[in-house]
Amino acid sequence: MKQRTVNCPQCGKSVIWNQANRFRPFCSERCKTMDLAHWAQESYRFPEPELPDTEHEENVKDRN
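Numbering (my numbering), first residue to last: 34 to 97.
By construction, these hints were calculated from the structure, which means they are not laboratory data.
Just to be clear, a hint being listed does not mean it is correct.
[What the hints assert, rightly or not] Heads up, simulated DSSO-like pairs for lysine-lysine below, C-alpha to C-alpha not over 27 Å straight-line:
{"no.": "1", "residue 1": "K46", "residue 2": "K65"}
{"no.": "2", "residue 1": "K35", "residue 2": "K65"}
{"no.": "3", "residue 1": "K35", "residue 2": "K46"}
[Claimed, not checked] With beta-carbon atoms standing in for the labels, derived distance ranges:
{"no.": "4", "residue 1": "L69", "residue 2": "I49", "range": "17 to 23 Å"}
{"no.": "5", "residue 1": "S76", "residue 2": "W50", "range": "32 to 38 Å"}
{"no.": "6", "residue 1": "M34", "residue 2": "D86", "range": "51 to 57 Å"}
{"no.": "7", "residue 1": "R78", "residue 2": "N51", "range": "27 to 33 Å"}
C-beta atoms are modelled at their ideal positions from N, C-alpha and C, and glycine is treated no differently.
All chains should be modelled from the sequences, with the hints used to inform the complete structure.
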């Protein structure tokens, strides 16, 4: 059976994806810790959803 490999999200190194790699999807503890640090420092963020333009909606309601 062919071993599945993925790229480490931190450094891009090719990593075998199996239970023996306790740092997966990272290649090492260092990359895993660096990724956690980026989250803790808020370097990574989820985009905020776009809110509807309420001013436009109020103008449409006023016309009706």
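Against the structure, the hints:
1. With a C-alpha separation of about 13 Å, the suggested pairing of K46 with K65 holds against the 27 Å cut-off.
2. Annotation: proposed proximity of K35 to K65 holds, straight-line Cα distance about 25 Å (limit 27 Å).
3. Between the alpha carbons of K35 and K46 the distance comes to roughly 18 Å, so the proposed pair stays at or under 27 Å and holds.
4. For the pair L69 and I49, the supplied restraint of 17 to 23 Å holds, since their beta-carbon distance comes to about 22 Å.
5. With their beta carbons about 25 Å apart, S76 and W50 fall outside the hinted range of 32 to 38 Å.
6. Separated by about 54 Å at the C-beta atoms, M34 and D86 satisfy the suggested range of 51 to 57 Å.
7. A beta carbon spacing of about 31 Å between R78 and N51 agrees with the range 27 to 33 Å that was offered as a hint.
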